[in-house]
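*Asks:* The lines below spell out each chain.
2 protein chains.
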Amino acid sequence: MLLPSERAKDIGASPIRSLLPHAYEAKKNGKHIFHLNIGQPDIATPTNALERVANLKESIVSYGPSEGLPALRTKVAEYYDKFDADIDQENVYVTTGASEAILFTLLATCDNHDEVIIPEPFYANYLGFAHLTNVNIVPITTDLESKFSLPAPSEFEKLVTSKTKAIFLCNPTNPTGQMYTAAQLEELMAIVKKYNLYLIVDEVYREFCYDHAFTSVLSFKGVDEHVVVIDSISKVFSSCGARVGYLISKNESFLQAVNKYAQLRLCPPYFGQQLALACYDEADKYIAEAKEEYMLRREELYAQLNSIPNVKCYKPMAAFYNIAELPVDDAEKFCKWLLTDFEYKGSTVMLAPANGFYFTKNLGKQQVRIAYILNREDLKSAMECLKVALEQYPG
Amino acid sequence: MLLPSERAKDIGASPIRSLLPHAYEAKKNGKHIFHLNIGQPDIATPTNALERVANLKESIVSYGPSEGLPALRTKVAEYYDKFDADIDQENVYVTTGASEAILFTLLATCDNHDEVIIPEPFYANYLGFAHLTNVNIVPITTDLESKFSLPAPSEFEKLVTSKTKAIFLCNPTNPTGQMYTAAQLEELMAIVKKYNLYLIVDEVYREFCYDHAFTSVLSFKGVDEHVVVIDSISKVFSSCGARVGYLISKNESFLQAVNKYAQLRLCPPYFGQQLALACYDEADKYIAEAKEEYMLRREELYAQLNSIPNVKCYKPMAAFYNIAELPVDDAEKFCKWLLTDFEYKGSTVMLAPANGFYFTKNLGKQQVRIAYILNREDLKSAMECLKVALEQYPG
Numbered sequence: 001m002l003l004p005s006e007r008a009k010d011i012g013a014s015p016i017r018s019l020l021p022h023a024y025e026a027k028k029n030g031k032h033i034f035h036l037n038i039g040q041p042d043i044a045t046p047t048n049a050l051e052r053v054a055n056l057k058e059s060i061v062s063y064g065p066s067e068g069l070p071a072l073r074t075k076v077a078e079y080y081d082k083f084d085a086d087i088d089q090e091n092v093y094v095t096t097g098a099s100e101a102i103l104f105t106l107l108a109t110c111d112n113h114d115e116v117i118i119p120e121p122f123y124a125n126y127l128g129f130a131h132l133t134n135v136n137i138v139p140i141t142t143d144l145e146s147k148f149s150l151p152a153p154s155e156f157e158k159l160v161t162s163k164t165k166a167i168f169l170c171n172p173t174n175p176t177g178q179m180y181t182a183a184q185l186e187e188l189m190a191i192v193k194k195y196n197l198y199l200i201v202d203e204v205y206r207e208f209c210y211d212h213a214f215t216s217v218l219s220f221k222g223v224d225e226h227v228v229v230i231d232s233i234s235k236v237f238s239s240c241g242a243r244v245g246y247l248i249s250k251n252e253s254f255l256q257a258v259n260k261y262a263q264l265r266l267c268p269p270y271f272g273q274q275l276a277l278a279c280y281d282e283a284d285k286y287i288a289e290a291k292e293e294y295m296l297r298r299e300e301l302y303a304q305l306n307s308i309p310n311v312k313c314y315k316p317m318a319a320f321y322n323i324a325e326l327p328v329d330d331a332e333k334f335c336k337w338l339l340t341d342f343e344y345k346g347s348t349v350m351l352a353p354a355n356g357f358y359f360t361k362n363l364g365k366q367q368v369r370i371a372y373i374l375n376r377e378d379l380k381s382a383m384e385c386l387k388v389a390l391e392q393y394p395g
Numbered sequence: 001m002l003l004p005s006e007r008a009k010d011i012g013a014s015p016i017r018s019l020l021p022h023a024y025e026a027k028k029n030g031k032h033i034f035h036l037n038i039g040q041p042d043i044a045t046p047t048n049a050l051e052r053v054a055n056l057k058e059s060i061v062s063y064g065p066s067e068g069l070p071a072l073r074t075k076v077a078e079y080y081d082k083f084d085a086d087i088d089q090e091n092v093y094v095t096t097g098a099s100e101a102i103l104f105t106l107l108a109t110c111d112n113h114d115e116v117i118i119p120e121p122f123y124a125n126y127l128g129f130a131h132l133t134n135v136n137i138v139p140i141t142t143d144l145e146s147k148f149s150l151p152a153p154s155e156f157e158k159l160v161t162s163k164t165k166a167i168f169l170c171n172p173t174n175p176t177g178q179m180y181t182a183a184q185l186e187e188l189m190a191i192v193k194k195y196n197l198y199l200i201v202d203e204v205y206r207e208f209c210y211d212h213a214f215t216s217v218l219s220f221k222g223v224d225e226h227v228v229v230i231d232s233i234s235k236v237f238s239s240c241g242a243r244v245g246y247l248i249s250k251n252e253s254f255l256q257a258v259n260k261y262a263q264l265r266l267c268p269p270y271f272g273q274q275l276a277l278a279c280y281d282e283a284d285k286y287i288a289e290a291k292e293e294y295m296l297r298r299e300e301l302y303a304q305l306n307s308i309p310n311v312k313c314y315k316p317m318a319a320f321y322n323i324a325e326l327p328v329d330d331a332e333k334f335c336k337w338l339l340t341d342f343e344y345k346g347s348t349v350m351l352a353p354a355n356g357f358y359f360t361k362n363l364g365k366q367q368v369r370i371a372y373i374l375n376r377e378d379l380k381s382a383m384e385c386l387k388v389a390l391e392q393y394p395g
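Residue numbers (our numbering), protein chains in the order written: chain A, 1 to 395; chain B, 1 to 395.
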């Protein structure tokens with residue numbers, strides 16, 4: 001018997017996608033599923049962007065530049081003006097989704113067995129990409145009681161070793177829906193300067209901040225060589241399937257390293273880049289409407305969650321996620337049970353067990369991540385479903 | 001100064017793309033360039049496929065399945081019927097270009113420091129992906145004198161160690177334009193069975209075989225667990241920018257490993273998959289026409305090359321590449337000189353130095369890879385250019 005590599009065994013299945021077979025089975029049996037497990041917005045992709053793709057006149061879908069289409073790099077650089085980021089097109093690399101930006105960033109900042117400090121819970125795929133690139137994640141735990149706020153700088157400093165190459169943040173944060181303040185980021189800047197580290201920030205949810213203005217790390221002065229930002233059109237423009245992301249930095253030697261990986265995979269997808277180009281044309285209006293909708297959903301979700309007995313939650317400040325602690329023995333078992341054994345008015349709800357977002361074993365065992373990416377009516381029905389389920393769940 | 005990773009330094013710039021800055025400069029100065037350096041066909045993408053993309057009605061460009069769209073997997077499985085491959089849709093993973101299929105295959109077959117035997121010269125990006133995945137390439141040298149034919153099985157066997165996990169072929173071969181016979185492949189099958197190895201075959205050029213019928217390794221019986229095939233729509237359907245490739249295998253545990261990496265990057269690009277879906281609808285006619293055109297170009301190129309004094313070449317059997325040995329001191333210097341110092345009738349020619357396709361240092365120093373992806377008129381002019389250049393080149 002010819003077996004696959006050992007390393008593939010160590011990559012855990014995605015906590016967001018691992019329950020999918022049970023979901024397919026439930027659907028086959030006629031059950032309706034409220035999908036709150038995945039960050040797939042139900043908001044329409046910008047119409048003008050879809051039209052641009054429909055009206056393309058090229059007769060050959062040919063390779064583009066490895067760095068991305070120049071016109072797109074320019075548009076993205078301009079877009080960052082609103083965040084006080086002084087970015088030129090050469091600072092922008094177009095990637096195949098934020099996923100590839102994460103991969104290239106880890107490859108170009110870290111060697112095998114280098115360390116990256118990341119607050120947990122974190123987007124589970126960081127772990128997969130760290131594993132793929134032989135980078136060691138050093139988690140710094142945040143907790144629901146303190147609304148997953150950023151630990152003090154001294155806590156980060158304690159974790160710095162000779163192997164540390166970067167501090168990696170997601171801001172606003174998936175899976176917690178929290179965001180970090182300018183003051184907090186400034187404190188981290190002092191640390192990355194002191195220890196000569198990269199500060200990698202995944203800002204894909206930056207447009208959805210509901211209570212305070214967002215501060216991009218690209219706006220800080222004097223830290224050009226330290227900052228790497230990861231971005232994507234997936235969430236902002238509801239274009240997850242286009243596979244267009246960005247990697248932004250002003251560190252030239254880092255970008256030269258990225259360029260080698262970019263050349264290796266030839267180029268990012270042509271059609272997705274064309275879609276992205278048009279997304280920026282009517283961005284302000286589109287984003288404002290999407291943000292308004294998510295804000296209303298946040299209120300709805302928070303009100304509904306609060307009305308369920310023994311559910312611990314907080315009001316998220318940003319993105320479209322919330323972590324809730326449920327009165328269950330094991331959230332993963334519960335999430336599976338929702339799909340296989342439960343039904344209310346012909347429906348059930350699919351959630352992401354939060355344990356998979358923690359690096360430290362046994363954390364988040366009773367927690368779930370809820371993505372508020374459905375309309376309010378559906379969100380309400382989904383939470384009604386959850387309430388009844390918690391009454392009936394035997395565990 | 002904050003430096004990038006050490007590992008990025010070890011990745012050589014692409015021999016196909018590394019001269020691009022000089023090409024941009026030449027173009028800026030008004031020079032016309034015949035691009036024979038890159039496998040970017042000038043043949044139009046199938047019209048019905050472009051129309052399919054133009055007529056898509058989805059309002060949300062959402063995540064698709066990590067494995068690829070079920071309809072596309074089914075079509076691809078059916079397409080393989082003509083190669084006597086008994087493939088089901090579950091055996092097909094859609095990837096972001098053949099590039100990603102190579103990456104996933106190395107990750108899912110090899111652990112760090114495992115070995116893969118590859119005939120050289122080989123597609124240079126194999127080396128980059130092997131480096132990225134910490135896999136060691138063990139080259140087996142083929143040479144121009146014997147038209148780059150496959151070494152005897154005993155030569156492969158000599159290189160097998162306890163670390164060997166796979167034999168990796170490109171068939172038909174980029175950069176040599178040669179192809180391997182059914183008998184040769186059968187002999188390698190005996191070796192991979194004897195030593196329990198994978199046989200990975202990149203078959204992206206399989207539709208362009210001019211002298212003999214092509215044999216896919218998918219048609220062999222009794223080797224299901226050993227065979228992995230890499231494929232792509234880039235060359236066959238002139239759709240390089242769509243970024244759609246495939247990884248095909250009947251080894252279930254290998255595919256389960258691949259699935260983890262597929263989930264990690266979420267999904268392949270939506271628009272490219274939609275384009276690919278339509279490509280298979282009128283494939284036979286489209287491919288026959290493209291093949292006919294490449295065959296005529298092959299004749300043209302071979303005749304022209306043969307007419308240049310002191311150029312050593314052979315008639316390629318497949319794909320759209322040829323390696324030629326030139327009467328120059330250093331092909332890389334010569335290729336650069338063509339862009340920076342030479343001009344004939346306002347034009348020059350861009351070629352890929354072949355040295356970058358060899359793993360063993362100092363091999364192929366006088367060789368170039370020529371991609372016959374321009375129309376015959378242009379090919380003729382390009383070869384005229386090359387002839388004059390060889391007369392004038394000081395080295």
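Certain hints may be false.
As the list makes no split between identical chains, a pair holds if one copy fits it or if it spans any two.
Subject to a maximum C-alpha distance of 27 Å in a straight line, what follows is the list of computed DSSO-like cross-link-like pairs (lysine-lysine) [claimed, not checked]: (1) 82 / 361; (2) 194 / 361; (3) 27 / 57; (4) 250 / 9; (5) 250 / 315; (6) 158 / 333; (7) 158 / 27; (8) 28 / 57; (9) 163 / 9; (10) 336 / 193; (11) 193 / 361.
To be clear, the hints were calculated from the coordinates, so they are not data collected in a lab.
*Asks:* For every hint, state whether the structure bears it out.
*Replies:* Status of each hint after checking the structure:
1. In this homomeric assembly, residue 82 and residue 361 never come within 27 Å of each other (Cα to Cα): the closest approach is 40 Å inside a single copy and 50 Å across copies.
2. When the C-alpha separation of residue 194 and residue 361 is checked against a cutoff of 27 Å, the pair qualifies neither within a copy, at 31 Å, nor between copies, at 42 Å.
3. Proximity of residue 27 and residue 57 under a CA criterion of 27 Å is satisfied inter-copy only: 24 Å between copies versus 40 Å inside one chain copy.
4. Taking identical chains as interchangeable, the C-alpha atoms of residue 250 and residue 9 lie at most 27 Å apart only when they sit on different chains, with a minimum of 19 Å there against 37 Å within one chain.
5. For a Cα distance limit of 27 Å, the shortest separation of residue 250 from residue 315 qualifies neither inside one copy, at 35 Å, nor across copies, at 48 Å.
6. In the homo-oligomer, the alpha carbons of residue 158 and residue 333 never lie at most 27 Å apart, since the shortest distance is 36 Å inside one protomer and 52 Å across protomers.
7. For the identical chains of this complex, residue 158 and residue 27 are neighbours neither inside a copy (48 Å) nor across copies (54 Å), given an alpha-carbon limit of 27 Å.
8. Taking the shortest alpha-carbon separations for residue 28 and residue 57, only the inter-copy value of 25 Å comes in at or below 27 Å, while the best intra-copy value is 41 Å.
9. Within a single copy, residue 163 and residue 9 get their C-alpha atoms as close as 25 Å, and across copies as close as 18 Å, so both meet the 27 Å cut-off.
10. For the homomeric pair residue 336 and residue 193, neither the shortest alpha-carbon distance inside one copy (45 Å) nor that between copies (41 Å) is at most 27 Å.
11. For the identical chains of this complex, residue 193 and residue 361 are neighbours neither inside a copy (31 Å) nor across copies (41 Å), given an alpha-carbon limit of 27 Å.
When the structure is compared with the earlier hints, violations turn up for hints 1, 2, 5, 6, 7, 10 and 11 and for no others.
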